[in-house]
Amino acid sequence: MQIPLETAISLYRTMLVSRGFDERCAELLARGEPVPHFHSGVGQEALMVGAVAPLRPDDQILYTHRGYGHLLAKGVPLHEIALDTFMKSGGTNEGFGGVMHVNRLDLGVPGREGVFGTRFGIAAGLALACQRRALDQVVVCFYGEAAGARGALYEAMNMAVLWRLPLVFVAENNGWSFSSRTEWLFPEGRMSRVWRGFEIPVEVIDGNDLEAVYGEISTAVERARSGQGPSVVEGLTYRVDPHIWWDDAAYQPTPEIEQWRASDPVARTRERLLATGASVERVAATERDAEEVVADAFARVAAAVDADWPTASLHR
Amino acid sequence: MNDTKLMTSRQALTAVLADELAASTDTMFLGETVRGLGAAGVASGLYDRFGPEQVIETPVSENAIFGAVLGLAIAGMRPIVEIYSADFLLAVANEVVNDIAKWRHQQTRPEQLAITIRGCMGANGGLGPEHSQSMEPYLHHAPGLTIVVPGTPADCAGLLRAAIRSPDPVIVLEHRRVYELEGEVRQDPDFVVGIGEAEIVRSGGDITIVAWGWMRHEAELAADELASRGISAELIDPRTIRPMDWDAIRHSVGKTGRLLVVEESPITGSVAGEIITRVVEEAGHPVPRVARVVMADVIHPYSATMEAEILPGADDVVAAATRLC
Numbered sequence: 001m002q003i004p005l006e007t008a009i010s011l012y013r014t015m016l017v018s019r020g021f022d023e024r025c026a027e028l029l030a031r032g033e034p035v036p037h038f039h040s041g042v043g044q045e046a047l048m049v050g051a052v053a054p055l056r057p058d059d060q061i062l063y064t065h066r067g068y069g070h071l072l073a074k075g076v077p078l079h080e081i082a083l084d085t086f087m088k089s090g091g092t093n094e095g096f097g098g099v100m101h102v103n104r105l106d107l108g109v110p111g112r113e114g115v116f117g118t119r120f121g122i123a124a125g126l127a128l129a130c131q132r133r134a135l136d137q138v139v140v141c142f143y144g145e146a147a148g149a150r151g152a153l154y155e156a157m158n159m160a161v162l163w164r165l166p167l168v169f170v171a172e173n174n175g176w177s178f179s180s181r182t183e184w185l186f187p188e189g190r191m192s193r194v195w196r197g198f199e200i201p202v203e204v205i206d207g208n209d210l211e212a213v214y215g216e217i218s219t220a221v222e223r224a225r226s227g228q229g230p231s232v233v234e235g236l237t238y239r240v241d242p243h244i245w246w247d248d249a250a251y252q253p254t255p256e257i258e259q260w261r262a263s264d265p266v267a268r269t270r271e272r273l274l275a276t277g278a279s280v281e282r283v284a285a286t287e288r289d290a291e292e293v294v295a296d297a298f299a300r301v302a303a304a305v306d307a308d309w310p311t312a313s314l315h316r
Numbered sequence: 317m318n319d320t321k322l323m324t325s326r327q328a329l330t331a332v333l334a335d336e337l338a339a340s341t342d343t344m345f346l347g348e349t350v351r352g353l354g355a356a357g358v359a360s361g362l363y364d365r366f367g368p369e370q371v372i373e374t375p376v377s378e379n380a381i382f383g384a385v386l387g388l389a390i391a392g393m394r395p396i397v398e399i400y401s402a403d404f405l406l407a408v409a410n411e412v413v414n415d416i417a418k419w420r421h422q423q424t425r426p427e428q429l430a431i432t433i434r435g436c437m438g439a440n441g442g443l444g445p446e447h448s449q450s451m452e453p454y455l456h457h458a459p460g461l462t463i464v465v466p467g468t469p470a471d472c473a474g475l476l477r478a479a480i481r482s483p484d485p486v487i488v489l490e491h492r493r494v495y496e497l498e499g500e501v502r503q504d505p506d507f508v509v510g511i512g513e514a515e516i517v518r519s520g521g522d523i524t525i526v527a528w529g530w531m532r533h534e535a536e537l538a539a540d541e542l543a544s545r546g547i548s549a550e551l552i553d554p555r556t557i558r559p560m561d562w563d564a565i566r567h568s569v570g571k572t573g574r575l576l577v578v579e580e581s582p583i584t585g586s587v588a589g590e591i592i593t594r595v596v597e598e599a600g601h602p603v604p605r606v607a608r609v610v611m612a613d614v615i616h617p618y619s620a621t622m623e624a625e626i627l628p629g630a631d632d633v634v635a636a637a638t639r640l641c
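Taken in order, these protein sequences are the chains called S and B.
For the first sequence, counting from 1, position 168 maps to 168 in the numbering used here; every step adds exactly one.
For the second sequence, counting from 1, position 186 maps to 502 in the numbering used here; every step adds exactly one.
Please keep in mind that the hints were generated in silico from the structure rather than gathered at the bench.
Note that the structure is predicted; figures quoted are calculated from it, not measured.
Just to be clear, a hint being listed does not mean it is correct.
According to the in silico footprint, chain B covers these stretches of chain S (three or more CB under 8 Å from chain B) [stated by the list, open to error]: (1) 88–99; (2) 112–124; (3) 153–161.
The beta carbon of each residue, even a glycine, is placed where N, CA and C say it ideally should be.
Work the whole structure out from these sequences, hints included.
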């Protein structure tokens, strides 16, 4: 599905902002500076951004811990994500949830669970509320290999099919669950294989192809919006960076990483833009613009005060 | 309106659910078998009256149900979820403790997260160790949860309504032996029992007895017997386990100098331990004399006869109170 040029440029910009934030955080870590709870999404930008792009502002997402493209694409400003990351005041949760609990209910980002897996039930509940209120909103629930192995997904999938909930499940198959290969955790290394039995649309796509992601999710979202129930889209992508800052990722073969770098979604999107009519100048301007957004976010972090923790009991 | 009506606790609970479902279509009731009677008969008639829009029969999928309840509440609805037996809250401890209890503290704190979790608990004659436990000791440790344990029909009505109308997640634990108790219940459609407000069941000057749920009734029997022996017991039913009405207990113990806590729970990690510790920590001199009547660290046997031997009863309360006085 060809994306309208202006939309594609906007998505490219969001992918660049996501990439820029990850790279800047990685630089800080390399210098020995802390970046609490940081999980790089490098290499997965097309899936994150392309899957949120077809949504309306009043649609809702449940996002993963890896990468910040979902949040950015849903409209959360990078500087709020950055302020939350560094436990500064002015983000979305004032140090109580850090980058793990970025939330903007007004933008369709209600928040995230503490232990991966609850999100499937939460997504079902949000979708049930939409259905009960006769709203034509859709909920998109992203998940990785870890959450996707938890029982709540099987329970929520059953409910979603049973009640024809306006839900889209997006499996982010990035090859690894920390140091475990996806092949060791799911039959045929495919996170979506089991859902074929529900007789709902289950599609496996190239998650590094922005147009493929955008097109497949658009179809799933429209299906959900029109009352036809849930779908599953599994995007195949790759976690290029280590799981988390203290992980040396020695288990990840270098040739494998290099092979995936060759299908880097940012580079592919850039090429596609140039091939479909964007001028070199326009692309370069978009790249400068994204750099400025990242620089601005870190400038705001530097100028911000630490979030102020109340010392009183959280509860009476 | 101060009209009252003689009702069982079960009837009172059902009536409040019906009132609150009728009051707002944002209020929903979810659970297993709720299209029929639900776990303890409390759901009776609700599906027929309110239909599948408000009464949601769920698969036996507690993790997703409790996640969905959180999702509904985030969306601004007021879900009431029935757990088939409160023991099964352990199966959803992750959703309850790690997500529902913490949600408003780690996200931007929406003004309401109006979740009511209710279900039956407690020993009732040989249901076995995974369908008989008191669940408040497991749950009262978690900041962010409100827990109520009504012991009478009136408190069932007043606390359930308060829970449903509360902006906070509230767990209502209904002792199985309380369902069949009869009592006068106010018919005022806005009748609530304040969360965190203890009831002074009877006044006395010699010893403070704290008991809730079914144990409140064992303690009442004991207080009668103690009175006949010349010991004047003040019986406090806290009704809310968290937040506990510390003022009521502190005030009473300040007067009596003695505190006995009765709880249908194994001794280790009991709520009684917390109550006594707080009272002793905060007391001046002389330090009050304290004791608890609880269960040994045992599991409930499937044999009803054996079960009766491990449960605290009025005789145990009388004996412990007599030793303290």
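Consistency of the hints with the structure:
Three residues within the 8 Å Cβ limit are the bar, and the stretch 88–99 of chain S against chain B gives 4, so the coverage statement holds. Coverage of the stretch 112–124 of chain S by chain B holds in this model, with 11 residues showing a Cβ closer than 8 Å to a Cβ of that chain against a need of three. With 4 residues having a beta carbon nearer than 8 Å to a beta carbon of chain B, the stretch 153–161 of chain S meets the requirement of three or more and the stated coverage holds.
Violated hints for the displayed structure: none, as all numbered hints are satisfied.
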